[in-house]
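K.L.:
Letter by letter, the sequence shown follows residues 1 to 259 in the UniProt record's numbering.
Be careful, since some hints might not be right.
Unchecked claim - Across the chosen pairs, the derived CB separations fall in these ranges:
hint: 1; residue 1: I231; residue 2: V15; range: 41 to 47 Å
hint: 2; residue 1: I53; residue 2: V15; range: 32 to 38 Å
hint: 3; residue 1: Q200; residue 2: Q98; range: 38 to 44 Å
hint: 4; residue 1: L22; residue 2: Q200; range: 21 to 27 Å
hint: 5; residue 1: F257; residue 2: V50; range: 45 to 51 Å
hint: 6; residue 1: I53; residue 2: L227; range: 19 to 25 Å
hint: 7; residue 1: I243; residue 2: S223; range: 28 to 34 Å
hint: 8; residue 1: L224; residue 2: K250; range: 37 to 43 Å
hint: 9; residue 1: L140; residue 2: I167; range: 40 to 46 Å
hint: 10; residue 1: I202; residue 2: H12; range: 42 to 48 Å
hint: 11; residue 1: V184; residue 2: T2; range: 32 to 38 Å
hint: 12; residue 1: I53; residue 2: L22; range: 36 to 42 Å
The hints are simulated quantities; they were obtained by calculation from the structure and are not laboratory data.
A virtual CB, placed ideally from N, CA and C, is assigned to each residue, including glycine.
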Amino acid sequence: MTYFKKIYIGRHVLVSLFKQDLKNRYRNSILGIAWNFLSPLGIVLVIGAVYSIVFNISMKEFVPYLFAGLLPWLFFTSSAEGGAFSFLGSQGYIKQTQVPIEIFPLRVSMVNLFNLIFAIISFFVVYIFISPQNFSISMLLVIPSLLIWFMLCSAWATIAAIINLYIRDFQPLQTLVLQGVFYVSPIIYKPEMLQTKNFQWIYIYNPFYYYVEIIRKPLLGESLPSLNSWIICIITTLFLLQIAMFMIWKIGRNITFRL
């Protein structure tokens with residue numbers, strides 16, 4: 001039985017878990033889902049203020065750039081961290097039912113995608129007042145880029161979930177590595193800052209640079225992502241998806257012995 005067929009079989013349970021996760025996350029919260037926009041906005045404003053003082057960068061130009069790069073990154077890290085515990089946190093379902101295990105990492109990515117979409121809509125509402133001249137049909141490229149990001153996050157969430165069953169120290173190690181990747185990826189700074197110091201190789205060989213570019217450029221509406229960026233992201237995503245499918249096929253129902 002294929003990976004996607006199992007997800008289809010468990011689709012009703014998946015949707016139910018997705019709704020349950022959203023209710024649990026925002027229950028008794030005053031601002032609720034608005035935190036998905038306000039939280040990264042707070043980070044962006046602080047970093048933007050510091051950069052405007054230290055590097056004499058215009059906040060009006062830099063804040064949207066930073067925000068558009070930070071949103072997908074938070075989507076990935078949230079999916080990676082939540083995915084690592086998706087099997088361990090669903091022991092009751094896995095041990096007592098025959099629900100396809102493929103849906104548990106996927107539910108994490110679905111919740112985070114929902115949060116990301118809300119944050120992007122909020123971004124557009126604010127951005128139209130800052131740079132209305134940048135709004136164009138090219139912004140629709142956000143849709144295929146979101147699909148690629150969702151597949152990436154789902155694949156990695158599955159891989160992280162399985163690794164965490166065998167190595168329980170994987171999650172803190174993953175967090176440490178992702179912190180390093182964050183700072184070597186042009187998310188809180190522009191690639192040109194590395195080019196002037198001949199350190200462009202830091203992002204040229206970093207796949208996350210291309211992933212951020214395929215969503216940040218459409219969000220800002222200033223230019224189109226290069227074909228090279230799309231190709232790298234698609235190939236990398238399909239490769240990770242194949243690894244995830246193989247790993248989850250390999251472990252199968254033997255997962256109960258690892259929980």
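K.L.:
Now tell me, hint by hint, if it's right for this structure.
P.N.:
Hint by hint, here is what the structure shows:
no. : hint                       : verdict
1   : I231 with V15: 41 to 47 Å  : violated (33 Å)
2   : I53 with V15: 32 to 38 Å   : violated (47 Å)
3   : Q200 with Q98: 38 to 44 Å  : violated (51 Å)
4   : L22 with Q200: 21 to 27 Å  : violated (41 Å)
5   : F257 with V50: 45 to 51 Å  : holds (50 Å)
6   : I53 with L227: 19 to 25 Å  : violated (38 Å)
7   : I243 with S223: 28 to 34 Å : holds (32 Å)
8   : L224 with K250: 37 to 43 Å : holds (40 Å)
9   : L140 with I167: 40 to 46 Å : holds (41 Å)
10  : I202 with H12: 42 to 48 Å  : holds (45 Å)
11  : V184 with T2: 32 to 38 Å   : holds (36 Å)
12  : I53 with L22: 36 to 42 Å   : holds (39 Å)
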